[in-house]
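> Below, each chain spelled out in residue letters.
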Amino acid sequence: MKLGLYNQLVRMGASRRDVLKGAASMAAVAAASSAGLGALTGEASAQDNVRAEILKIPGVGKGSPTDADWQKVGELCLGATKANVKEGEFAGVELTFMGLNNQNLHNFLFRGFLKPWEAYTGAKINWIDLAQADYNARLQQSIATGTVDFDILQMGAPFEGDTAGRGLLDEMPDWVATQIEADDLVNYLKAPVGTWDGKTYRITIDGDCHTFAYRKDYFGDGSISGMADVPKHWEDFPALATALAGKNDPITGTPAFGFLDPLKYQWGGFGFYFLGDRASAYAKHPEDAAWLFDPDTMKPRVNNPAWVQAIQDVFDLVKANAYPPDQLNADPNATAFSQFLGGTGAALCWWGDVGSNARTSDTSVVGDVVGFSINPGAKRVYNAKTSAWEEKENFAPNMAYIGWGVYVTSRVSADEKKRKAAWSAAAHLGGKDLSLWTAAYPSGFQPYRNSHFQYAEWEAAGYDRAFVEDYLGSNLDSYNHPNAAIEPRIPGIFQYYSIAEDELVKGVNGQYPSAQATADAIAAAWEKITDQIGRESQIKLYKASLGM
Amino acid sequence: MSEQATAIAQNMSLGAALDTIAPGRRRLGRIIMMLATAGLAIVALIQILYAAGAIGFGFSTWRPLLYAYILWGVALGVGQVMTRGEEGHRALFLLPAVLFTVAMVVFPTLFGFYIATLDWNLSGTPKFNGLDNFWQMLRDPFYSNALLNMVFYVLAVFVEYVIAFGLALLLNAQIRARKFFRVVFLLPLMLSPVAVSWMIGKSLMEYRFGPAATLARKLGWDNPAFFATPWTAKISIMLLDAWTFIPFLMIMLLAGLQAMPRDILEAAKVDGATAWQTFWGVTFPLMLPVSVTALILRIIFKLKLADIVITVTSGGPGGATDTVTSFIFREYRDRSNVGYGTMLAMVYLIIIIVFVTLLLKLANRFVRNVT
Amino acid sequence: MTAEAIEHTPSEVRSPAAFFASRVFIYGALIFWAFVCLFPIYWTITTSFKTAPNVTQGHLIPFVDFTPDWRGWRSLGLSPDTIGSTSTVRDEFLKRFFNSVITSIGASALAIVIGSLAAYGLTRFRYKFMWMKNEDISFFFLSQLILPPVVLALPFLALYKGLHLLDTRIGLILLYTLMVLPIVIWIMRDQFNSIPVELEEAALVDGLSVWGAFFQIVLPIALPGMVAAFILSMVLCWNEYFFAALLTSTNANTIPVMVASQTGSQGINWWSMAALSTAAIAPLAIIGVLLERYLIKGMTAGAVK
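Respectively, the protein sequence lines represent chains A, B and C.
Numbered continuously in the working numbering, the first sequence closes out at residue 548.
Numbered continuously in the working numbering, the second sequence closes out at residue 1371.
Numbered continuously in the working numbering, the third sequence closes out at residue 2305.
Simulated from the structure, these hints should not be mistaken for laboratory data.
Any given hint might turn out to be false.
Derived CB-CB ranges, DEER-like [stated by the list, open to error]:
hint, chain 1, residue 1, chain 2, residue 2, range
1, C, 2216, B, 1130, 27 to 33 Å
2, B, 1138, A, 216, 43 to 49 Å
3, C, 2223, A, 122, 52 to 58 Å
4, A, 145, B, 1052, 38 to 44 Å
5, A, 459, B, 1141, 54 to 60 Å
6, A, 79, B, 1060, 54 to 60 Å
7, C, 2216, B, 1174, 37 to 43 Å
8, A, 534, B, 1067, 19 to 25 Å
9, B, 1141, A, 534, 24 to 30 Å
10, A, 197, B, 1141, 40 to 46 Å
11, B, 1060, C, 2223, 55 to 61 Å
12, A, 534, B, 1152, 39 to 45 Å
13, A, 197, C, 2086, 42 to 48 Å
Where a beta carbon is used, it is the ideal one built from N, C-alpha and C, also for glycine.
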């Protein structure tokens, strides 16, 4: 995340250097200077603490952070480690770290952060890098074939059922919780998330949720939609699509479309969240933590009237040709980064990345006209306990993926030295100060601590306060929402998702006669997985994951 | 172990006399082979018993078995030469490839057939369920859909063949810069399907900024969404795949053209045949054998088409571009439904083995009849 | 020029207009197809020098449409300004690059060795093993080519785990050898078939053994075929993605897996993906340019019988 926000500032820096080259770049500077150029040019305030110090590495507008910068940040944030570990204490220890290589971030960042840690402690770390779409498959294969060959694991909370539920993880020692100041986490990332059977396993390094981004210039007097304001309920989105039919986008002049659903849901499980955005509003009842399965029987709720309504909403829009012509085979990525940011649609739901890129990315044309809020709600909500609709407004932001964390596997449990080394490395990555840097610079991670929402720090680092407050605010509101829809962390959850993606795509393309039939196909497949994994244990784990 | 290749050299072409082998040497050879076999069996037995928990000693991995197998293979080769002399020498040519392939294939295939009979989701514990996966397969409309798609994909090979033949003729014509064109035409074959999928399928053919879409708009196609409707998507995938593999057909055909005896063509020319007549009367029939070889190899590659589909469309829209392999891949990777996926793959394997066997037989007969 | 052009028929030669038309057609077609082949490669290479707006606006020509930028290469640590400093991304890239080189060359070489031997045996001697004769043995090898890799995914994972071959280059080499062996045998069989048996018979009369005749007489003649088989094997191994992703993790991973990881929830880094793709394409393209003539020559041998 924040890649785009950051890049914008980088570009501004570059523009300043290129000023002499011509009037065009001069104009670019003039246009950009409203976004906090003053803060860039001014000397950074001489705060003497680490937080201000690391925010100056490499310094906003000084070029993309490089390996050297990551190492410098790692070095400066080593204080907490030094308090708990003696120099050279882990000499001779070798650890394997499995994580992602997303766009050469994630693991590559960790390599840099951990280099000073390795130098100080004497331990050595080997790396396994995975592509995001391969992640679930690889993890499952490792578990199933007994080839867990890693000691430290970067993993999303949804996989806790697969790993912690099978005793593959090592319980977090108390000193680690103290070192990382776990109390600082935003509410929804506290227990039961990160815990299993009452034990804590997770060092959070990221917070995730879907928020709603929309085009302010599509609404209001004289706007192309003719609507006064952006719809707040899913029921009103078909009208938006109708209103926009045949209209052109005010910025690009290309055809305008309503809400953008990525109709090619297949993304190794990550695409199912987009249906979840719609469904949670109908299906997540405030008095019921469960919304995907019935917690007593594991019977899927995905074919109950609430979910069918969500699927039906999408199908209706497909039938009405309310999507761009290439939508049936556009990757979810394309929906966010080339459609919405490129000026083709009124709104979408996405992780924080769209928020940051919208204002500042080079590819974005919608920067000045984008607004944020929590996901839309519904005018009625389905109560699965009474099997009846209740006519009351319901909002339920989708905490899609709950964010990445760092875990330690039970491979090291027997060896106290190795265990301490592994946890020390993990704690270094989840440290409070280090996380401020990952939140502010391109890293792939989003803010997840209350301390990340001190907007003054962002402003001091050179970011535009109003904008940061708008988009981070929508994240904070979602994180702390009382009716946040949190996914179950049961074994195989990404198989449930992947299978649903596959069936959904068939439904969208008319392979099933109706939304109900599509939902039934998903439910049948889910029942089968549940039986394969074991219904009784799934029920138990489902309840545990919801803290019931 | 089956591959004690009792190669019978029948001196068909190489009429070398069989050398006589001293009984002592033969006996020694037998002993070497027997000792090696016994050694291999003992290592295997120990390891199996150890893995099963029956005995307390053994190796921590199966690697020693690999070494034992290699040693056994060497001993077998030595033994062949010692006991059978010249015939043994001849067997040595085939032995390494056979031993290697058997070692690499036997276990995975058998294990694969075993997995195919399991009800196994990677997150759960495997359960034996006999042929249930097979019956489920028969009822799976999306599997038969993928099979049907394969028919279309294979048919597309013939279009590729026509284009490749044309290109080969062009390259074989009296032209300047022949070497340049030959290298350039060959390049697409070198590219990785993953890179092709991303840089062409998802970038060059992108709806908004891709130059291919821009060109299509200029040519009058208003909404050039290359992968949005079933048939455009299918054709787009075929084009992408053809782009990478036409060079393969082309070089084989070009090689054939260059090897063609010149005197026949010149005779045709002297007889006053037109280009068209020469082509159909002389060139094409002469090219039949190489054409058949090229087509069969290409069809085999086509039957494995997957990378491009997986990356570009994930089989969509609605399974329209699914190949069997990409379908199985999703069953396997996205759903972790290992048992069912493996059953699908095994059935597919049998289908294509039968298909390719028939194809080879037909092709043989066809070539023999025509030429 | 060896082969007489088929287009040169008497009628055409008689009429200059028709001759001219056929020239125009031939060169038109050649240039058109050269464009079809080259444009995507051009697109890939130029994209590696683009920034985001250049990509999304479909700019085509460097210096005219857009100003080239090292961004894609910088993200790999391979641009002029980053080449001197430490970069874990570059280290990773280089490691994978060399893994790709070693595994594909190793597998191709191994396949050529055992494949040529087998192909020679199959063309010169008659084997019989149980019910299997030469054709059956050939088909046995060919059938390995048919095998869809996905069939063997989990079995190979289990096998390699047992043999401790997971995440080793030797493991990948063995697997890739299995994968390209059928192609090698196929090409080499044609190659050997085209060499007259009399050559070896003469050698045997001169007192050479079967192996002696093979190494001294047959092999030199069959060299172009071996180069052709080697190139095709290299191409297949270098580009293999499925098993590389499945069986490697830290030490033995190859380039194609890295290409696939240039996308995530932050969009697609077209520039670095293009840079990686370019780097992945370059070695094979160079091989293609250097050894292309062997490819044709090697495949010519068995082409027309």
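> If a hint holds in the structure, say so; if it doesn't, say that too.
Hints and how they fare:
Remark: the range hint 27 to 33 Å for residue 2216 (chain C) to residue 1130 (chain B) is contradicted by a beta-carbon distance near 58 Å. The beta-carbon spacing between residue 1138 (chain B) and residue 216 (chain A), approximately 55 Å, falls outside the hinted interval of 43 to 49 Å. Our hint of 52 to 58 Å for residue 2223 (chain C) and residue 122 (chain A) holds, since their Cβ atoms are close to 54 Å apart. A beta carbon spacing of about 18 Å between residue 145 (chain A) and residue 1052 (chain B) contradicts the range 38 to 44 Å that was offered as a hint.
For residue 459 (chain A) paired with residue 1141 (chain B), a C-beta distance near 58 Å keeps the hint of 54 to 60 Å intact. One distance hint, 54 to 60 Å for the beta-carbon pair residue 79 (chain A) and residue 1060 (chain B), is violated here, with the actual separation near 42 Å. The hint said 37 to 43 Å for the Cβ distance between residue 2216 (chain C) and residue 1174 (chain B), and at roughly 39 Å that hint holds. For the hinted restraint 19 to 25 Å between residue 534 (chain A) and residue 1067 (chain B), the CB-CB distance of approximately 40 Å leaves it violated.
For the pair residue 1141 (chain B) and residue 534 (chain A), the supplied restraint of 24 to 30 Å holds, since their beta-carbon distance comes to about 29 Å. In this structure, residue 197 (chain A) and residue 1141 (chain B) meet the distance hint of 40 to 46 Å, their C-beta atoms being roughly 42 Å apart. The beta-carbon spacing between residue 1060 (chain B) and residue 2223 (chain C), approximately 45 Å, falls outside the hinted interval of 55 to 61 Å. About 41 Å separates the C-beta atoms of residue 534 (chain A) and residue 1152 (chain B), a value consistent with the hinted range of 39 to 45 Å.
Checking the proposed 42 to 48 Å range against residue 197 (chain A) and residue 2086 (chain C) shows it holds: the Cβ atoms sit about 43 Å from each other.
Of the numbered hints stated above, those contradicted by the structure are hints 1, 2, 4, 6, 8, 11, listed in ascending order.
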